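Number of protein chains: 2
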Amino acid sequence: MEINSITCQENPTRSCIGCVCDSLKSMFEKLKSKVMEIAKQTRKIGEDDPRRIVHAIKVGLALTFVSLFYYVRPLYNGFGQAGMWAILTVVVVFEFSVGGTLSKSINRGCATLIAGALGVGAECLAKLCGEKGQPFVLGVLVFLLAAIATFTRFFPKVKQRYDYGVTIFILTFSLVAVSGSQAANLQIAYQRLSTILIGGATCMIISIFVCPVWAGQDLHNLIAANVEKLATFLEGFGDELFSSLGDESSVVPCKDDKEKTYLQVYKSVLNSKATEESLANFAWWEVGHGRFKFHHPWKQYLKIGVLVRECACHIEVLNGCINSKPQAASEFQLKIHSTCKNMSMECSKVLKELSFAIKNMTFPSAAAKIHMQNSIATADEFKSILMENSSLSTKTDVQELMSVLVTASVLIDIIKCVEKISVSVDELSQKAGFRQPKSLEKQQQTLLHRGIVKPVNDHVVLEISETLEETVENKKLRSGIVKLVDDHISGGNDHIVIKINETLGDSERSRPIEV
Amino acid sequence: MEINSITCQENPTRSCIGCVCDSLKSMFEKLKSKVMEIAKQTRKIGEDDPRRIVHAIKVGLALTFVSLFYYVRPLYNGFGQAGMWAILTVVVVFEFSVGGTLSKSINRGCATLIAGALGVGAECLAKLCGEKGQPFVLGVLVFLLAAIATFTRFFPKVKQRYDYGVTIFILTFSLVAVSGSQAANLQIAYQRLSTILIGGATCMIISIFVCPVWAGQDLHNLIAANVEKLATFLEGFGDELFSSLGDESSVVPCKDDKEKTYLQVYKSVLNSKATEESLANFAWWEVGHGRFKFHHPWKQYLKIGVLVRECACHIEVLNGCINSKPQAASEFQLKIHSTCKNMSMECSKVLKELSFAIKNMTFPSAAAKIHMQNSIATADEFKSILMENSSLSTKTDVQELMSVLVTASVLIDIIKCVEKISVSVDELSQKAGFRQPKSLEKQQQTLLHRGIVKPVNDHVVLEISETLEETVENKKLRSGIVKLVDDHISGGNDHIVIKINETLGDSERSRPIEV
Chain A
1 MEINSITCQE NPTRSCIGCV CDSLKSMFEK LKSKVMEIAK QTRKIGEDDP
51 RRIVHAIKVG LALTFVSLFY YVRPLYNGFG QAGMWAILTV VVVFEFSVGG
101 TLSKSINRGC ATLIAGALGV GAECLAKLCG EKGQPFVLGV LVFLLAAIAT
151 FTRFFPKVKQ RYDYGVTIFI LTFSLVAVSG SQAANLQIAY QRLSTILIGG
201 ATCMIISIFV CPVWAGQDLH NLIAANVEKL ATFLEGFGDE LFSSLGDESS
251 VVPCKDDKEK TYLQVYKSVL NSKATEESLA NFAWWEVGHG RFKFHHPWKQ
301 YLKIGVLVRE CACHIEVLNG CINSKPQAAS EFQLKIHSTC KNMSMECSKV
351 LKELSFAIKN MTFPSAAAKI HMQNSIATAD EFKSILMENS SLSTKTDVQE
401 LMSVLVTASV LIDIIKCVEK ISVSVDELSQ KAGFRQPKSL EKQQQTLLHR
451 GIVKPVNDHV VLEISETLEE TVENKKLRSG IVKLVDDHIS GGNDHIVIKI
501 NETLGDSERS RPIEV
Chain B
1 MEINSITCQE NPTRSCIGCV CDSLKSMFEK LKSKVMEIAK QTRKIGEDDP
51 RRIVHAIKVG LALTFVSLFY YVRPLYNGFG QAGMWAILTV VVVFEFSVGG
101 TLSKSINRGC ATLIAGALGV GAECLAKLCG EKGQPFVLGV LVFLLAAIAT
151 FTRFFPKVKQ RYDYGVTIFI LTFSLVAVSG SQAANLQIAY QRLSTILIGG
201 ATCMIISIFV CPVWAGQDLH NLIAANVEKL ATFLEGFGDE LFSSLGDESS
251 VVPCKDDKEK TYLQVYKSVL NSKATEESLA NFAWWEVGHG RFKFHHPWKQ
301 YLKIGVLVRE CACHIEVLNG CINSKPQAAS EFQLKIHSTC KNMSMECSKV
351 LKELSFAIKN MTFPSAAAKI HMQNSIATAD EFKSILMENS SLSTKTDVQE
401 LMSVLVTASV LIDIIKCVEK ISVSVDELSQ KAGFRQPKSL EKQQQTLLHR
451 GIVKPVNDHV VLEISETLEE TVENKKLRSG IVKLVDDHIS GGNDHIVIKI
501 NETLGDSERS RPIEV
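Going down the list, the protein sequences come from chains A and B.
Note that my numbering has the first sequence beginning at 1, numbered continuously upward.
Note that my numbering has the second sequence beginning at 1, numbered continuously upward.
No lab work stands behind these hints: they were computed from the structure.
Only a predicted model underlies this, so the values are computations on that prediction, with no experimental measurement involved.
No residue lacks a Cβ here, since even glycine has one placed at the ideal position from N, Cα and C.
Covered by chain A, per the in silico footprint, the following chain B stretches (three or more residues, Cβ under 8 Å):
1) 58 to 71
2) 166 to 174
3) 271 to 285
4) 306 to 314
5) 406 to 415
Turn these sequences into a full structure, and let the hints guide you.
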């Protein structure tokens, strides 16, 4: 518009048509940018979840299919105007997930059947009262049933599962009872019911057999993803603590701001309650599919969801602790700081293992249990550090001490949450009949890969908590350890202590080996 | 059943009919208890919100009213079978809140109009393609429009406001386009549209004029209630801290377990997101009512809601600190403990004032600001206590110190949250044009009532942060202070310092008066 007015001032003789053209042009540009924006958004929505595009095509398909009842003459003669109920059913019943479609189809079918029968009954009753009494009796019956049925929708269980059914019940009852006073009824009722069944069946078949979207699978994935989000945060937080310690020898480089946004990822976990509940509700209706049986323990997923959100709440508080870096830390503070890092990292590993187990539908691996024990042990270690330093005789800056103490305290709470999540995932794997993880050998290999390297003062302690028999496998393991040790020595560490705890044996012996 | 079998053994000659009677009796008893349970639940649901009963009656009323189109012959002759669309509309469109009903009615009306016009257009287009091409063209058009419209439902804005409209759009377009190939169309379209309008208008009128339930009012109340719940928790927490201090002179008696359940009340705040959002969405559709204008800033309520939930998250963590009572507390710990109590209490008072302001649609009172300043001052006081004791030369139990430090740290975070909530409520009161609180005099009186009495060491400091001119009102105030002072001296306190800060003036002078 600015350019436009400048042009007009420079060319005062210019005709008004030119101005109109310019303003049209700017309008066109605006429209173009708006269209581009919508196109961009459309593309993003499609790319985020391509199943959405498939769903849109499926709905189009189902609708075109039931339209056949209108196009094809013989079918039309059979059902007449009632064919529209098939279209209506498809439009209203077809949902994104199989569970949603089944829930609405079954609700609609059953409600139509029951309400239809009741409606015919009401009509018969009304006929007994003579022609004058009939509309009055029907009116009262419609009022009563509509009011009562509407009230039942406030019952939580009805609201959750049968809300749509109750709506259709009221609708069908009113229609049948009322239209009965005017037209031949049974024929219409039969036509409607059969067309509704055809519509519902079309939706269910297309929904189940053409690229199905299972709400149960979505819930399963959502819970696994949420657990992983917490793990990602705790891992990032651990790194952050390390970088704030100013530990140059740290393997993990200080992440830049873009990567730090991963620390914000848990926020979506806090708001996932509604999604989880609706998915669990739909999943309840779904038939068995893949490795999910008909009565898969969906409620257990909700339980895990609650615990995950509780943990996310603690993480929200922890998030506020990131910026509080100690300036000149005492040895005591450094110790606590390093314990915090270990707690955070171990919790992260437990959560990763749990998320992995849920994703692959296996029992949580032994590694998850070991990391859990490690994190509890680290929490105990923290307590013992406090005990050792119970009387702070040296000068300590309380203000700086506070920040590490708060971090540690929240982390201990998080460990408790993670423990609960772990128990809950165990329950889930039992109830849902998950597989056992593949083999012990593989576990041992992953154990090696997941070994914790704790820098305590100027030592590096490498703990492997698993029975090690003299097998070929263990020789490999040992050579792996030696390689790790070499790497760390070249990294500038002087002393390395390797403790091998036989936790699976009867006694817990410790065999420190100086390399 | 057990009694039954005993009877049979004692009377082996007893006939089978007796057994059947007994089992019928037990079945009847079970049924009776089930019915009693449902009756109890029904009563509870009705008592929790009597508007639910009214709503059920309203739906019955609307439905009976539109049934008139079937009963009354002249009307029936005018609309014929299309009268059923009025019933359908009422059943589907009538929602609990006015906003819900308006949203669905308007969506349905507009979508029917647009889709009807498009459908007629599609039919004309199809006719150009000859009798053989017609079903094919219509089929393709239905498929395309249904697929595109279904996809638009994934756009967040469409999903939020026009989801129902899109459904009705697909439905009407399919019906009109398809049925057009069979019957005289315009007449039917006109009948349907007018019956839908009659149904929708009936719903809207009954919904607005018969005991209306405004979603906006509900949202308003919900936010005020949530803020108050946080206040209740913090007040309870403050009391709890005092009782854990073992302070016998505390005015508030130690609450029993039943009363402690109030500390759990904030949990519902954490899960209120979905409710808030749906209420705000419905409220957007509502016409002006009472003191809510047409474009009341509903989004601001959602902002406050987010902050309140954030605060509730911190409270969740604080809740874990309640059980950690200091055993043998040092003077330093006692100081911090008492500061924590003050922070908690002041925050609670701020939140109560804010909740009160929202409820009454007034600007937050000056008392809210003063309590806010007090809580920030207490947080600063805590920091200065830390500074004073920065080097703990005496023996301190770090483990016990930790619990108080964590409590204090979380409370400081809560103060930050409360500050944000306070700013947000201020914004709301500006945007929504709330009233000013009644008069300054009344404020001063409440100020006196709400004066904070802080025990610092063996002094009692009474701070009043307000300009005090020599008016009759202030003389009363002063005599009130003297009475308070007397009470505290008789309570065993030796020294009392009264600071009067003129915070409303240009400079902040402090006039301590030794009584």
